[in-house]
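Participant: I would like the entire structure built from these sequences, with the hints used as guidance.
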Amino acid sequence: MVLMLLSRRAKEIIFSVLLLAIPVVFLFANIKEPHRLNALDRVILKLSSPVHQASMFIYRWVDGIWMNYIYLVNLKAENDQLRSENGILKANNAILEIWAQRGREVEKLLGFKEASSAEMVAARVISKSFSPYYRVLRLRIDRGIHEIKPDDPVIIPEGVVGKVHRVYGDYADIQLAIDPKVRIPVVVKRTGTEALLVGTGDPRKYTARLTYLRREEEIQVGDLVVTSGMGGASGVRFPADLQVGRIVSVQKKEFGKFQDAIVEAAVDFSRLDKVLVVVTPPPVADPQSAPDPELQKEQPRTGLRPF
Numbered sequence: 005m006v007l008m009l010l011s012r013r014a015k016e017i018i019f020s021v022l023l024l025a026i027p028v029v030f031l032f033a034n035i036k037e038p039h040r041l042n043a044l045d046r047v048i049l050k051l052s053s054p055v056h057q058a059s060m061f062i063y064r065w066v067d068g069i070w071m072n073y074i075y076l077v078n079l080k081a082e083n084d085q086l087r088s089e090n091g092i093l094k095a096n097n098a099i100l101e102i103w104a105q106r107g108r109e110v111e112k113l114l115g116f117k118e119a120s121s122a123e124m125v126a127a128r129v130i131s132k133s134f135s136p137y138y139r140v141l142r143l144r145i146d147r148g149i150h151e152i153k154p155d156d157p158v159i160i161p162e163g164v165v166g167k168v169h170r171v172y173g174d175y176a177d178i179q180l181a182i183d184p185k186v187r188i189p190v191v192v193k194r195t196g197t198e199a200l201l202v203g204t205g206d207p208r209k210y211t212a213r214l215t216y217l218r219r220e221e222e223i224q225v226g227d228l229v230v231t232s233g234m235g236g237a238s239g240v241r242f243p244a245d246l247q248v249g250r251i252v253s254v255q256k257k258e259f260g261k262f263q264d265a266i267v268e269a270a271v272d273f274s275r276l277d278k279v280l281v282v283v284t285p286p287p288v289a290d291p292q293s294a295p296d297p298e299l300q301k302e303q304p305r306t307g308l309r310p311f
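If you're matching positions, the sequence shown starts at 5 in the numbering used here and goes up one per residue.
By construction, these hints were calculated from the structure, which means they are not laboratory data. Given the structure is predicted, the values throughout are model-derived calculations rather than measurements.
Calculated cross-link-like contacts (lysine to aspartate or glutamate; reagent style EDC-like; alpha-carbon spacing at most 20 Å):
1. Lys-185 with Asp-264
2. Lys-261 with Glu-222
3. Lys-257 with Glu-222
4. Lys-278 with Asp-174
5. Lys-256 with Glu-220
6. Lys-209 with Asp-183
7. Lys-132 with Asp-146
8. Lys-256 with Asp-227
9. Lys-132 with Asp-277
10. Lys-153 with Asp-183
11. Lys-256 with Glu-222
12. Lys-261 with Glu-220
Using C-beta positions, here's what the derived DEER-type ranges look like:
13. Gln-105 with Asp-245: 22 to 32 Å
14. Asn-90 with Tyr-216: 53 to 63 Å
15. Lys-185 with Asp-272: 15 to 25 Å
16. Asn-83 with Pro-207: 42 to 52 Å
17. Gln-85 with His-150: 49 to 59 Å
18. Lys-94 with Asp-272: 25 to 35 Å
19. Tyr-138 with Gly-173: 27 to 37 Å
20. Phe-259 with Ser-121: 43 to 53 Å
21. Asp-245 with Glu-151: 18 to 28 Å
22. Thr-195 with Ala-98: 43 to 53 Å
C-beta atoms are modelled at their ideal positions from N, C-alpha and C, and glycine is treated no differently.
Facilitator: Structural data, given as structure tokens:
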């Protein structure tokens, strides 16, 4: 009856006071020592126990969610850091592998030079000209008029690359062995058959043709073709026994003195980044005279000019 007589404002004040007082009463009842609790305190504790348990459950649930969130945030940060470090390690490993590969290539070039009596100049490939089918047509190297000259043979340990075509300033253009204008005296290794290698100019493949190949010669697919060491019509003389390629097809015509054979180049021109230019070819061996060992000892060795 009294509450009905009170104004709405007074009711709101009383209700607010009660809401504020209840937690205080519960708090005082919970912080008292057990031996000082009275009957009212025990009733309050009994009534507040479910509320306390519910609030603790909610607290633990919220705390668990928050801790999981913090854990996931930290885990993501650690994963991001590990990914970054892993990327750096991979990049460093790739760089080290590149330098190791370059070191192996240089070592191979030096070893090849030491085994040859020819004077050679090492050069870097600085650009490549390509066909519409992404086939290398020509190379450019970083050696000029003071070191090399046109028609000097260009080789690598794996085989024949081509010859110097033009020299200007500090650069030179290389005509590849598969160019139709390049002619190289060669030998079929298995049979000793001599022939002249002429590039096919195929826009898709690195191939050349064996010309002046006598019809009676028994050559076959898979035969290795190497340089003969003899000079060609253009005056280019490659060191002997350098790989040129392998025969991939043989065709005997019904008439004529010669047969045709196609050779696939031993060198992958698209992967070249270093070459050797033969400045002075090795002397042609005289089969009728054996070399004098003492004279060979006295003969100075020609070193490899630096890159």
